[in-house]
Amino acid sequence: MMASSYNAKEEDGHHSGSASHGGAAVVKSKKPDNTAFKQQRLPAWQPILTAGTVLPAFFVIGLIFIPIGIGLYVTSNNIKEFEIDYTGVDMNSACYSCAKNFSWNSTTSCLCTVDFTLEQPFESNVFMYYGLSNFYQNHRRYVKSRDDSQLNGDMSALTNPSKECEPYRMSEGLPIAPCGAIANSLFNDTLKLYYLEANGTRNEIPLVKKGIAWWTDKHVKFRNPGGNANLTAVFQATSKPVNWRNPVYELDQDPENNGFINEDFIVWMRTAALPTFRKLYRIIQKKSSTMPTLPSGKYVLDITYNYPVLSFDGRKRMILSTISWMGGKNPFLGIAYITVGSICFFLGVVLLIIHHKYDTRSTGADIPN
Amino acid sequence: MHPLLFLQCAGAENWVDNRTVYIGHKEPPPGAEAYIPQRYPDNRIVSSKYTFWNFVPKNLFEQFRRIANFYFLVIFLVQLIIDTPTSPITSGLPLFFVITVTAIKQGYEDWLRHKADCSINESPVDVVQQGKVVRTQSYKLRVGDVVVVREDETFPCDLIFLSSSRHDGTCYVTTTSLDGESSHKTYYAVPDTMAFRTEQEVGSLHATIECEQPQPDLYKSVYTCSPKIFVFLPSAVAVYTGWTPRWRFNYQSKSQKRSAVEKSMNAFLIVYLCILISKAVINTVLKYAWQWSPDRDEPWYNHRTEIEVIRAFTDFLAFMMQKFLGSYFITWDEEMYDEELGEGAQVNTSDLNEELGQVEYVFTDKTGTLTENNMEFIECCVDGNVYIPHAICNGQILSAEHEDLFFRALCLCHTVQVKEEETVDGIKRGIHQGKPTSFYISSSPDEVALVEGMKRLGYTYLGLKDNYMEILNKDDEIERFELLHVLNFDSVRRRMSVIVKSSSGEYLLFCKGADSSIFPRVVSGKLEQVKARVELNAVEGLRTLCVAYRSLSESEYVEACHHLTEAKLALQDREQRLAQAYDIIERDFVLLGATAVEDRLQEKAADTIESLHKAGMKVWVLTGDKMETAAATCYASKLFRRTTQILELTKKRTEEQSLHDVMFELNRTVLSNRSLKILIQQLSVDCLDFGLIIDGATLSAVLKPNADGSGHRNYREIFLEICRNCSAVLCCRMAPLQKAQIVKLIKASKEHPITLAIGDGANDVSMILEAHVGIGIMGKEGRQAARNSDYAIPKFKHLKKILLVHGHYYYIRIAELVQYFFYKNVCFIFPQFLYQFFCGFSQQPLYDTAYLTLYNISFTSLPILLYSLVEKHVTMETLKRDPSLYRDIAKNSLLRWPVFLYWTCLGVFDAVVFFFGAYFLFDNTTFTSNGQMFGNWTFGTLVFTVLVFTVTLKLALDTHHWTWINHFVIWGSLLFYVIFSLLWGGIIWPFLNYQRMYYVFMQMLSSGPAWLSIILLITVSLLPDVIKKVLCRAMPDSLTTSPNVTLTKN
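As they're listed, the protein sequences go chains Y and D. Read in UniProt numbering, the first sequence has 114 at position 114, and its numbers run on one by one without any break. Read in UniProt numbering, the second sequence has 65 at position 65, and its numbers run on one by one without any break.
None of these hints come from the bench; they were simulated from the model. Incorrect hints may appear among the rest.
As the list claims (entries may be wrong) - Straight-line alpha carbon distances no greater than 27 Å define the calculated DSSO-like cross-link-like pairs of lysine-lysine that follow:
#1 Y/K38 with D/K105
#2 Y/K357 with D/K105
#3 Y/K31 with D/K105
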């Protein structure tokens, strides 16, 4: 027995020895490298999601989310917002006749006046928005119907707008500037706000139109061809969009707000995500620290009614809103945070119970083994 | 000299069934006989799939048979034709890339096949032409050529043996590549041409051969031979007549295999397709309904009709990459590297990695796969005393009275020949230590082992000289015995005998054979002790033989001679009469002892088979070997256990009873036991399991289509029924094609199990090709199997690792990949769908084009790709230690419909959260502190940001194995997304005709509520999955593949 095993060993040893000697050079190249990666033995962190490990996470999330949610909710509730629909669908509304009679090809503007009362004073800066409903600014053909090169001041695009602008590309043989459906449907109602003092005098509230568009849009993305001076000459060979009253170089008297860099125009050109949307129209700056920006009381909104929406069953609104660090009034985020935080907390409790139960069960099972 | 080798006996009507071959192409003189030249295929081997010309169309066709590819193609074409929201490049580019990469890969693989074919086709062959030996290439051989094959050469085609250099016209041939038997078989030359010695003589031969058309059945066809046959003679001029087609017949054509995962993926894909198409239809209908209302007559609304096109899934690329790169881990595995061979595992097809985790049936070859194909004498037992070679030197020989006789019996009772040879064949090395110049050859490796064993015990057989057998005994004296008669071995008697006359004039009959055939004939001797020993050895899986003798008196000898010669001379029923004669002579034995020979199993073969069993796989052994040999191996390799009840379905049995009866009886046994088993299991006792043994002849009877169709179907069904209830099946005497038939049968059975075939020789190629997964062992018998397999491993034991570890890993990885892939696309597409309800069904894309294109290509592809390469839910050690873990993933369990549904629901939920979260946030308010408003692109970017983060973090939650790569890729890809977005929106890109994304991302990030909502939405989206995971783990009877017990252990 001894001899046999000895022999076998010797044979084996000899054999493997010779194999490794003979094939050393050849074999080496073929032998897989003993690296951690190739042998799938990379050191690794192996977390396991068990009730025990997840529990603290749930509680932490709950504890963080609920205060955030409360904070958001309170902030949102402190924001004052006033909204008024001036479409004029109703017989009694001020703009009824305007809405009824107006169409794109009217040459004269229709004026109407809406009265409203602010119950509470608006303390900080007030932002004035116009809102449109059932207006599909996000329709695919609408969204792409623009020429960004033209709006960026590209001369060749000015004279030869992109095909995407069809059917608002050329008008009477001349290229339209700015071309496309978006520009063509520019919102052109003019809103004026008056504070009605107790004695009945209308006090016009100064509306600032600077800073309603993104800074980058105003300064980088939108540019007038050939600079801001002498726009009339630059736009000479172009035609105004079909629905516009005035050509693009007459949008404003201020050369810094005229042409493509008109802020109302830029705001309009940023297409909204949803069919009901609002866009920033004007800013009412807070004048003094003692006086509220908009004291409570009666107000008059003068509307130059240029923009027909009834044809597509749309609505127009004017919104006054203050702003906090988190933007406008939106209780959703706060509520969502509170809800999710509570759910997490609740789940944490449930898991704690499960964890506890399971733990005792498993130890109970272990003992007999 | 006869002009014809075989007389033409076939009538005109079966002309097609026979072929006439003219030796040396010497056609008969014109007019002598109506000669119709027949066309035969040439001897070229083609295993490659493509040629230079048909590569492009054929490969494209193959590729577009994949549903995914076809789907992309259709999308791409539709996008080309009509105006769509997204550019055709979005789906065309990835498709083109995928197709090109696949084509290059397949082309390269085929080129390798071409090269391999070429090396075989170009191999030199000597052909006799006009009396001279001419060297030519293998593929140029034609039917009728006379071929010279020298020792140790491979036959280039099927041949007929005309003559050899040996005087008796014999040659020794191994047929390993055909049936896996490596023993040497003696072939006899055709008697008419046996005398031919020189090329001239052969060249002058005018003859025709009448033979059958080639048949696939190895054992039926009269002349089918193999290419891999060694002539084992010194400078033999074995001349054969070549004809095609050869082993190619027993060969299956290569066709593309598809994994079960891919099939279920295709099913999922079809479901998605249906959903998406219905979505498109709904959208389109709604769109027109929307436009129908009279106030929607704005000119931009109704410009041109469009068909909504579904967003394509673009990351099949990750799928392909995973398979391609993943297969490297098999190649790189150090544990599967064999020092001796100098090679590691090879992957020939990367498409089947995950299938390795799904195997239910393992079909294995025996010789060379399970066993090392190397017999070794272990011990002998004389009258109950055990002798072990080497131990004998200790001088502890207990002088049993029959000892000398026993050793002599073993030295005499065999058909072994002694071969004197300088160069030593590698396989036989080490057996003969004393005299390196001679070794034994025989048709039975057992006999060689026995004689070798005797030599080590001191009795050396020197050979047969002038009919005297010479033995060098322990005391270095030469004993001579006159060989009088050899009563050859046959499988019915299961024994063989010799009658010799000793130098002292004694007549002795030595017999050795299976215990079952010897014991009944024994009259004296220590029966009990020997029997006990034999049984002990048999349990250990050793091949046992019993040795007995009978001393014959002069008169008895004469009588025996008389019987024998009479039987031998009989013209009719010679076989039967010989058997009768043997039966008369072989009786009244005195039992001498027993021997035990081991067909050494491959290293850890038994362990591997045990693991496979534990892993829930059924192991079948398919072999060309004899039943007894194979059964012994099966016992040794623990395929059959002691408790296994063996059911036999063999020719021997079916001869006694009709096949019908046997089948029904077996079926009854199995079924009755199954009900019993259920009973037993309830009592928690080790249950009986069955092992089935079936042989090739019976199998073909079972599978043969019967005249009455119902019966045939029945047999098949019953057979399958029996097999299903057997834990192990042994099929012996199998032709290569029969092996494939079995595999096919199981494949086609109603459960459609995943099959794996493993083998090492050319005879296994057909089953390797037939099975879902074919594994080749890089054995001694050439690379035929390895080349045709999907995976090649050096040793059988590596099967354990490749299945239990690699297969398992690949399966869970690919399962996650597939599910995740659908999940992330649902998350991606569903918000788009929801958005349509808010944009007048105009197919306005929610996300920017860059995001659309890059989402699947770069933002979310790398983490899942890396996950699917390195994920390990449990450690390798655990998988190896506990094979039953393999059952967790059996039957495609991670890709079933409920799982798919879960992922899809999760995707839909997340998508709803993304979209409506953003929707309510955007609802009619601003979320900047300067009062400015955001547009639709900010809305889309917000959704997209949440989407990318959620989808990536979901993967992070699924990752159990965080290596630095995972960290790098997951956090890296999120970082990449942020950097890309900053960059993409940071510049007015001059080449773009739109600047819609300009500063959008940065504006979004400058707003506090955007941050808050992103965090909130991600949390909400991930919450359900986290809860599900925790609950699954908390429930102890959960079916997750990773029991936390095993995990926490590391």
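Outcome of the hint check:
Proximity of Y/K38 to D/K105 is assessed by CA-CA distance (about 22 Å); at most 27 Å being required, the pair is judged to hold. Straight-line distance between C-alpha atoms of Y/K357 and D/K105 comes to about 55 Å, which puts the hinted pair past the 27 Å bound. About 24 Å separates the Cα atoms of Y/K31 and D/K105, which keeps this hinted pair within 27 Å; it holds.
Against the hints set out earlier in the document, a violation occurs for number 2 only.
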